[in-house]
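Visitor: What follows is each chain in one-letter form.
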Amino acid sequence: MNDSAIDSPASSQQTQKLTFEFRGDGLEYFKIWIVNILLSIVTLGIYSAWATVRNNRYFHSNLYLNDSNFRYLAKPLTILKGRVIAMAVFIGVGAVNALFPPAGIIFGIVLVFAIPYLVNQSLAFNHRMSSYNNIQFRFKASYGEAFMALFVWPFLGMITLGILYPLAFLKANEYVVNNSAYGTQKFTFNATYSDYGKIFLVCLAMALVLGLPAMLIMNFAPSLSVISSILIFLLYAGGFLYFTVQTTNLFYRSVALADHGFESNVTIQGLLQVILTNMLLTAVTLGLYLPAAKVRATKYICSCITMNANGSLDTFTAAEKENVSALGEELGQVFDFAI
Amino acid sequence: MIIAGTYFDGISSKRIAAQLQAMQNSPLMLRICHEDKAVENVHLQFDKLDIESRLADTPREINLGDEKLFITDDNDAVDELIEQNNGPNFQTGLVYRLEKNLGLIALATLVTVAVIYSAVVFGIPKSAEYIAYKLPDFTQKHFGSSLTILDKTLLDSSELDEARQQHIQELVAPYLEEYEHLSARLVFRSGMKANALALPDGHMVFTDDFVNLIHDDDELLAVLLHEIGHLQYKHMMRRVLQDSMVTLLVVLVTGDLDTIDLVTGLPTILLDLSYSKDFEREADQFSLEQLHKANIDVDAFARAMTNLESYYIDEAENQSKNEKRGYGKNISDFLSTHPATEDRVKMVEDFKKLHITEP
Numbered sequence: 062m063n064d065s066a067i068d069s070p071a072s073s074q075q076t077q078k079l080t081f082e083f084r085g086d087g088l089e090y091f092k093i094w095i096v097n098i099l100l101s102i103v104t105l106g107i108y109s110a111w112a113t114v115r116n117n118r119y120f121h122s123n124l125y126l127n128d129s130n131f132r133y134l135a136k137p138l139t140i141l142k143g144r145v146i147a148m149a150v151f152i153g154v155g156a157v158n159a160l161f162p163p164a165g166i167i168f169g170i171v172l173v174f175a176i177p178y179l180v181n182q183s184l185a186f187n188h189r190m191s192s193y194n195n196i197q198f199r200f201k202a203s204y205g206e207a208f209m210a211l212f213v214w215p216f217l218g219m220i221t222l223g224i225l226y227p228l229a230f231l232k233a234n235e236y237v238v239n240n241s242a243y244g245t246q247k248f249t250f251n252a253t254y255s256d257y258g259k260i261f262l263v264c265l266a267m268a269l270v271l272g273l274p275a276m277l278i279m280n281f282a283p284s285l286s287v288i289s290s291i292l293i294f295l296l297y298a299g300g301f302l303y304f305t306v307q308t309t310n311l312f313y314r315s316v317a318l319a320d321h322g323f324e325s326n327v328t329i330q331g332l333l334q335v336i337l338t339n340m341l342l343t344a345v346t347l348g349l350y351l352p353a354a355k356v357r358a359t360k361y362i363c364s365c366i367t368m369n370a371n372g373s374l375d376t377f378t379a380a381e382k383e384n385v386s387a388l389g390e391e392l393g394q395v396f397d398f399a400i
Numbered sequence: 050m051i052i053a054g055t056y057f058d059g060i061s062s063k064r065i066a067a068q069l070q071a072m073q074n075s076p077l078m079l080r081i082c083h084e085d086k087a088v089e090n091v092h093l094q095f096d097k098l099d100i101e102s103r104l105a106d107t108p109r110e111i112n113l114g115d116e117k118l119f120i121t122d123d124n125d126a127v128d129e130l131i132e133q134n135n136g137p138n139f140q141t142g143l144v145y146r147l148e149k150n151l152g153l154i155a156l157a158t159l160v161t162v163a164v165i166y167s168a169v170v171f172g173i174p175k176s177a178e179y180i181a182y183k184l185p186d187f188t189q190k191h192f193g194s195s196l197t198i199l200d201k202t203l204l205d206s207s208e209l210d211e212a213r214q215q216h217i218q219e220l221v222a223p224y225l226e227e228y229e230h231l232s233a234r235l236v237f238r239s240g241m242k243a244n245a246l247a248l249p250d251g252h253m254v255f256t257d258d259f260v261n262l263i264h265d266d267d268e269l270l271a272v273l274l275h276e277i278g279h280l281q282y283k284h285m286m287r288r289v290l291q292d293s294m295v296t297l298l299v300v301l302v303t304g305d306l307d308t309i310d311l312v313t314g315l316p317t318i319l320l321d322l323s324y325s326k327d328f329e330r331e332a333d334q335f336s337l338e339q340l341h342k343a344n345i346d347v348d349a350f351a352r353a354m355t356n357l358e359s360y361y362i363d364e365a366e367n368q369s370k371n372e373k374r375g376y377g378k379n380i381s382d383f384l385s386t387h388p389a390t391e392d393r394v395k396m397v398e399d400f401k402k403l404h405i406t407e408p
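Same order as they appear, the protein sequences are chains Z and U. Read in order, the letters of the first sequence are residues 62 to 400 in the numbering used here. Read in order, the letters of the second sequence are residues 50 to 408 in the numbering used here.
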């Protein structure tokens with residue numbers, strides 16, 4: 062259809078469906094990936110900063126919306142600097158812990174309170190380093206917002222036995238999306254508690270329908286344990302697929318940028334097909350298929366997302382320049398907290 | 050040479066058609082074709098341009114300064130432009146050339162696989178061994194609190210009678226004395242099925258079930274020496290070091306891929322199991338040598354292993370008969386971290402052939 066046509070002024074007030082398209086190629090990325098590994102090993106890991114940039118550039122530059130590609134802007138030296146400092150902090154903390162164990166408790170407390178700040182920094186870096194049509198993305202959130210989204214809401218979800226858990230999910234996504242911007246234009250997130258609640262309820266229903274019989278079989282008819290194992294496997298696999306698909310679709314459908322909205326149609330069947338093919342080929346090739354697997358998964362997800370553009374995409378303007386360091390991002394990777 | 054592409058003014062997201070004109074004997078120029086048909090010509094200096102390195106066939110980005118940007122799909126033309134201005138030089142696009150060369154890619158694949166293989170088989174075990182022996186004692190002591198933790202969680206005090214404990218302690222005393230520098234000590238506990246373990250601080254734990262399945266003193270000594278072997282070769286420390294090095298390697302290889310844990314986790318677990326078997330073999334060998342030195346029949350070791358295996362098989366059968374939760378995993382746990390019992394028995398035979406040349 063009019064998928065990738067450049068919007069003309071005549072049609073600018075109608076809703077246009079603009080597709081996302083990933084134009085990467087498994088074999089092409091494999092070559093980049095294997096050279097990255099080789100050079101990283103030869104340089105004892107120093108090249109890994111350059112490798113990260115080339116990987117990210119490959120996945121940004123091959124992602125097209127409306128026939129125009131995204132870009133990744135980070136410089137390897139910025140990443141390397143962040144990585145070196147993060148490693149130094151990690152080793153320093155480890156050494157102090159070994160010599161003086163009580164310090165571990167202090168570090169632990171400091172780390173917990175530093176996490177919201179670091180997550181903010183990390184998101185700001187990754188947004189700033191991504192651009193589309195020469196306009197950078199931005200992220201700016203307060204410490205308090207990050208603290209609420211990362212700690213307070215999940216905690217409330219836990220102590221209410223999960224009743225507020227969908228709300229914690231909603232708050233986490235609101236924290237990310239509402240604080241993001243494309244140039245000077247802010248994103249908005251308009252999902253509701255009941256949107257997430259429904260997904261959680263279906264998962265709960267699955268747990269009852271599959272998990273309860275499995276428990277009964279295990280306790281009262283252990284000789285049929287094959288059946289209970291199958292049920293539990295179905296519960297995990299089905300629950301994981303359903304949850305991933307539903308939350309992904311809900312996420313994109315709920316994001317808006319000015320008058321532009323998004324549509325997402327990831328299906329359980331489609332995702333399952335991609336995951337199974339990837340796992341099989343990765344196992345058969347002893348891991349050499351990994352890069353192509355990532356390309357395949359990215360291609361699939363991108364093919365499911367469209368942008369409903371109301372008007373022209375030409376009118377976004379750049380925000381003032383800011384310098385963001387890669388330290389937050391790299392500390393996040395070293396200390397392994399999820400973002 | 051005319052390179053067609055898109056121009057961005059650094060202020061808005063508007064895409065503007067443009068051409069980069071590099072004619073001989075005339076300065077570099079960017080022709081920007083605005084929508085109102087007006088054409089703007091901008092003179093450029095090659096030295097001021099920031100041209101991104103080539104990455105496969107993704108659009109080439111040329112930063113013009115002041116956030117202004119020119120993007121083109123014509124990568125080859127940009128490469129030619131660079132060569133015209135800088136001369137054919139190997140610095141620009143070296144990585145791209147590596148990535149494009151099929152022969153080199155094949156070689157890189159082979160070298161990478163070979164490097165990773167040799168790191169896993171030789172590099173990691175050797176360096177872990179080196180580090181483990183160089184580590185100051187206090188780090189080992191740091192691991193030492195593990196008996197306290199085990200006592201709180203998995204182990205209870207022993208129910209063996211005093212006389213039996215006394216007898217065993219007297220039996221092993223001379224051997225423990227020999228390895229005083231490892232601060233080797235034997236303690237009895239109950240729980241954890243039939244098990245003998247060596248903790249890095251020198252504590253060796255025999256569980257009641259284990260002591261009960263042992264038929265004679267020689268068998269007990271064989272197992273004790275096996276555990277002393279673990280201490281002597283610092284196996285626990287080496288295993289911790291090796292596992293963390295494997296994790297680092299996996300991160301290095303897959304670091305920038307957000308892959309599912311299953312894909313990256315599996316090789317880590319498999320490697321840990323294979324390292325564990327290597328350590329068991331080393332400890333077995335140590336035990337056989339020491340038994341031989343002390344003039345004890347090395348068959349005692351084979352008997353102890355056979356006892357242990359049949360214990361776990363019985364255990365598995367009883368459990369499935371009693372139809373409780375699947376404890377059958379005990380036997381598979383034991384077999385996945387330890388070499389197969391028949392291999393261990395065969396090891397004893399081989400040892401006898403090699404060292405005991407009686408008529």
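Please note that a few of the clues may not be correct.
[Stated by the list, open to error] In silico PhoX-like pairs for lysine-lysine, Cα to Cα no more than 25 Å straight-line:
{"#": "1", "chain 1": "U", "residue 1": "Lys395", "chain 2": "U", "residue 2": "Lys326"}
{"#": "2", "chain 1": "U", "residue 1": "Lys401", "chain 2": "U", "residue 2": "Lys342"}
{"#": "3", "chain 1": "U", "residue 1": "Lys183", "chain 2": "U", "residue 2": "Lys326"}
{"#": "4", "chain 1": "Z", "residue 1": "Lys201", "chain 2": "Z", "residue 2": "Lys259"}
{"#": "5", "chain 1": "Z", "residue 1": "Lys247", "chain 2": "U", "residue 2": "Lys402"}
{"#": "6", "chain 1": "Z", "residue 1": "Lys201", "chain 2": "Z", "residue 2": "Lys136"}
{"#": "7", "chain 1": "U", "residue 1": "Lys63", "chain 2": "Z", "residue 2": "Lys78"}
{"#": "8", "chain 1": "U", "residue 1": "Lys149", "chain 2": "U", "residue 2": "Lys201"}
{"#": "9", "chain 1": "U", "residue 1": "Lys283", "chain 2": "Z", "residue 2": "Lys382"}
{"#": "10", "chain 1": "Z", "residue 1": "Lys136", "chain 2": "U", "residue 2": "Lys201"}
{"#": "11", "chain 1": "U", "residue 1": "Lys283", "chain 2": "U", "residue 2": "Lys342"}
{"#": "12", "chain 1": "Z", "residue 1": "Lys142", "chain 2": "Z", "residue 2": "Lys360"}
{"#": "13", "chain 1": "U", "residue 1": "Lys175", "chain 2": "U", "residue 2": "Lys242"}
{"#": "14", "chain 1": "Z", "residue 1": "Lys136", "chain 2": "U", "residue 2": "Lys183"}
{"#": "15", "chain 1": "Z", "residue 1": "Lys382", "chain 2": "U", "residue 2": "Lys342"}
{"#": "16", "chain 1": "U", "residue 1": "Lys183", "chain 2": "U", "residue 2": "Lys149"}
{"#": "17", "chain 1": "Z", "residue 1": "Lys382", "chain 2": "Z", "residue 2": "Lys201"}
{"#": "18", "chain 1": "U", "residue 1": "Lys117", "chain 2": "U", "residue 2": "Lys63"}
{"#": "19", "chain 1": "U", "residue 1": "Lys402", "chain 2": "Z", "residue 2": "Lys360"}
{"#": "20", "chain 1": "U", "residue 1": "Lys326", "chain 2": "U", "residue 2": "Lys175"}
{"#": "21", "chain 1": "Z", "residue 1": "Lys78", "chain 2": "Z", "residue 2": "Lys247"}
{"#": "22", "chain 1": "Z", "residue 1": "Lys136", "chain 2": "Z", "residue 2": "Lys382"}
{"#": "23", "chain 1": "U", "residue 1": "Lys242", "chain 2": "Z", "residue 2": "Lys247"}
{"#": "24", "chain 1": "U", "residue 1": "Lys402", "chain 2": "U", "residue 2": "Lys326"}
{"#": "25", "chain 1": "U", "residue 1": "Lys97", "chain 2": "U", "residue 2": "Lys183"}
{"#": "26", "chain 1": "U", "residue 1": "Lys149", "chain 2": "U", "residue 2": "Lys117"}
{"#": "27", "chain 1": "Z", "residue 1": "Lys136", "chain 2": "U", "residue 2": "Lys402"}
{"#": "28", "chain 1": "Z", "residue 1": "Lys142", "chain 2": "Z", "residue 2": "Lys78"}
{"#": "29", "chain 1": "Z", "residue 1": "Lys382", "chain 2": "U", "residue 2": "Lys117"}
{"#": "30", "chain 1": "U", "residue 1": "Lys183", "chain 2": "U", "residue 2": "Lys242"}
These aren't lab readings, by the way, just hints derived from the structure by calculation.
Visitor: Could you run down the list of hints and mark each one as holding or not?
Guide: Okay, the hints, checked on the actual structure:
| no. | hint | verdict |
| --- | --- | --- |
| 1 | U:Lys395 - U:Lys326 | holds (15 Å) |
| 2 | U:Lys401 - U:Lys342 | holds (13 Å) |
| 3 | U:Lys183 - U:Lys326 | holds (23 Å) |
| 4 | Z:Lys201 - Z:Lys259 | violated (30 Å) |
| 5 | Z:Lys247 - U:Lys402 | violated (79 Å) |
| 6 | Z:Lys201 - Z:Lys136 | holds (21 Å) |
| 7 | U:Lys63 - Z:Lys78 | holds (19 Å) |
| 8 | U:Lys149 - U:Lys201 | violated (59 Å) |
| 9 | U:Lys283 - Z:Lys382 | violated (55 Å) |
| 10 | Z:Lys136 - U:Lys201 | violated (51 Å) |
| 11 | U:Lys283 - U:Lys342 | holds (22 Å) |
| 12 | Z:Lys142 - Z:Lys360 | violated (32 Å) |
| 13 | U:Lys175 - U:Lys242 | violated (33 Å) |
| 14 | Z:Lys136 - U:Lys183 | violated (39 Å) |
| 15 | Z:Lys382 - U:Lys342 | violated (76 Å) |
| 16 | U:Lys183 - U:Lys149 | violated (44 Å) |
| 17 | Z:Lys382 - Z:Lys201 | holds (13 Å) |
| 18 | U:Lys117 - U:Lys63 | holds (12 Å) |
| 19 | U:Lys402 - Z:Lys360 | violated (62 Å) |
| 20 | U:Lys326 - U:Lys175 | holds (16 Å) |
| 21 | Z:Lys78 - Z:Lys247 | holds (21 Å) |
| 22 | Z:Lys136 - Z:Lys382 | holds (16 Å) |
| 23 | U:Lys242 - Z:Lys247 | violated (61 Å) |
| 24 | U:Lys402 - U:Lys326 | holds (23 Å) |
| 25 | U:Lys97 - U:Lys183 | violated (54 Å) |
| 26 | U:Lys149 - U:Lys117 | violated (30 Å) |
| 27 | Z:Lys136 - U:Lys402 | violated (64 Å) |
| 28 | Z:Lys142 - Z:Lys78 | violated (41 Å) |
| 29 | Z:Lys382 - U:Lys117 | holds (13 Å) |
| 30 | U:Lys183 - U:Lys242 | violated (35 Å) |
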